[in-house]
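S.K.: Residue numbers (my numbering), protein chains in the order written: chain A, 1 to 224; chain B, 225 to 485.
If you are wondering where the hints come from, they were derived from the structure by calculation, not from laboratory data.
Just so it is clear, the structure is predicted and the values come from calculations on it, not from any experiment.
Hints should not be assumed to be uniformly reliable.
To be verified - Lysine to any residue pairs mimicking SDA-like chemistry, simulated, CA-CA at most 25 angstroms apart:
1. Lys319(B) / Leu349(B)
2. Lys120(A) / Gly354(B)
3. Lys120(A) / Glu11(A)
4. Lys120(A) / Lys319(B)
5. Lys319(B) / Leu137(A)
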Amino acid sequence: MLQKIYDWIDERIDLQPIWRDIADHEVPEHVNPAHHFSAFVYCFGGLTFFVVVIQILSGMFLTMYYVPDIENAWRSVYYLQTEVAHAQIVRGMHHWGASVVIVMLLLHTLRVFFQGAYKKPRELNWMVGVLLFFVMLGLGFTGYLLPWDNKAFFATQVGLEMAQQVPFIGEQLKILLAGDASIVGAQTLTRFFAIHVFFLPAALFALLAVHFILIRRQGISGPL
Amino acid sequence: MQRGKGMKFVGDSRIKQGPTASRIPKDYSEYPGRTEAFWPNFLLKEWLAGAVFLIGFLILTLAQPSPLGGLADPTNASFIPLPDWYFLFLYELLKYEFASGNYIILGMLGLPGIAFGALFLAPFLDNGPGRRPQQRPIAVGMMLLALVSVIWLTYSSAAPVDWEGRAEMDPPVPPSDVQVEIDTEHPGYAVYETSCLACHGAELEGTAAPTLVGIDYSAEEIADISVNGIGTMPPDQFTGSDEELEQLVDFILSVNESVEE
């Protein structure tokens with residue numbers, strides 16, 4: 001039965017090359033911790049992606065309860081923390097994942113940097129990776145406000161004041177993020193929510209796709 | 225030998241490129257060593273490593289529930305803002321004289337811009353052929369310098385912070401929709417007015433200090449806190465007689481009781 005379904009699809013879209021591209025490549029010895037324990041440094045990129053997947057899944061479940069509105073945002077998180085079954089674990093995963101992903105990203109960046117793996121022909125992928133780092137920091141910044149507790153509110157206020165001091169475009173930048181030149185309030189929360197849940201994840205997925213396609217095309221860098 | 229997708233495997237410093245060697249990179253299978261198929265051999269091991277990581281991560285999650293402070297109160301003037309830990313180094317940088325005041329643009333955009341710009345353009349700034357760290361001392365030195373600076377800035381920003389005190393000052397107490405009834409006729413109210421009202425508010429709602437509604441303290445504990453302080457509350461806020469202290473405690477408890485009903 002499964003074979004029949006496979007054949008039916010394969011006949012139409014020729015699955016073999018797609019499958020080979022994803023799965024049928026060889027892992028060289030120098031990146032395989034089974035052969036050289038020190039090769040665990042090559043795990044950081046994969047672990048970053050793993051935590052990103054955790055973030056996406058836990059975030060999807062959090063939005064089932066979260067309400068991006070200043071009256072109810074804090075209450076919905078409080079409800080989540082105290083009433084909903086296992087929600088404390090899901091929110092905990094999202095909260096700690098946000099920190100762990102930065103740590104993993106940093107370790108991955110340092111591994112690539114100190115091994116000089118960004119040198120020709122991988123310059124493009126390095127730049128895509130740095131952009132991914134920025135997107136991740138943006139996700140951290142916008143996500144920090146969403147529980148709408150005191151530490152979130154005041155940290156964001158400081159962040160927006162800093163954005164305001166950017167020469168020439170500061171005022172516009174602040175209005176774009178906060179929805180108002182002086183108030184950090186209802187508009188700010190909905191905008192941060194939209195940025196956190198739609199805009200930045202879209203950028204993240206696009207950049208991740210490029211990052212992985214480039215890895216597949218170029219292969220992993222050789223041993224030092 | 226050409227196998228698989230003919231993956232390009234570039235920049236292997238163990239393989240010397242001969243004078244006539246072509247620029248076409250070699251295939252994995254032409255390299256020395258034990259290569260392994262990604263599917264399913266390597267993925268199974270990776271899966272295992274991922275599972276171990278996930279267990280550690282879940283233990284962290286269970287051991288340290290994610291924090292939630294009190295509902296944001298824009299009128300709270302005493303709250304000291306602090307960003308998430310991975311922004312602390314940028315925040316701390318602005319406390320230096322050369323990066324604040326008139327030089328705020330330098331501290332806010334200049335220095336981080338140079339650092340992150342250099343990180344972004346690293347392949348073009350460090351464009352020599354050598355990949356080993358000792359072959360590119362400048363790039364590696366700059367990175368180590370940046371790394372030490374970031375760690376130092378983060379440390380000097382986080383070390384003096386009283387994290388527990390901050391969490392204590394900002395507990396996740398749901399804002400009560402119950403109307404607090406203040407009996408100004410109560411003998412303890414006059415004492416409250418002189419000793420506590422400035423910080424704890426006219427309706428015990430808390431202004432500079434936390435709210436006194438919904439607190440979980442016994443009469444003795446409240447009396448002790450009034451005299452000796454707690455957390456960031458200094459001692460000797462109350463300096464009246466024992467009788468007045470008793471009235472004060474009774475007043476605070478009576479307000480709490482009226483809310484509970």
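S.K.: Against this structure, judge whether each hint is valid.
M.R.: Now the hints, each set against the structure:
For the suggested pair Lys319(B) and Leu349(B), the alpha carbons sit about 30 angstroms apart, so the restraint of at most 25 angstroms is broken. Of the pairs offered as hints, the one joining Lys120(A) and Gly354(B) holds, with about 11 angstroms between alpha carbons and a cut-off of 25 angstroms not exceeded. Distance restraint check for Lys120(A) and Glu11(A): the Cα-Cα separation of roughly 39 angstroms exceeds the 25 angstroms cut-off, and the hinted pair is therefore not satisfied. About 39 angstroms separates the Cα atoms of Lys120(A) and Lys319(B), which puts this hinted pair outside 25 angstroms; it is violated.
A distance of roughly 21 angstroms separates the Cα atoms of Lys319(B) and Leu137(A); the hinted pair therefore holds under the 25 angstroms criterion.
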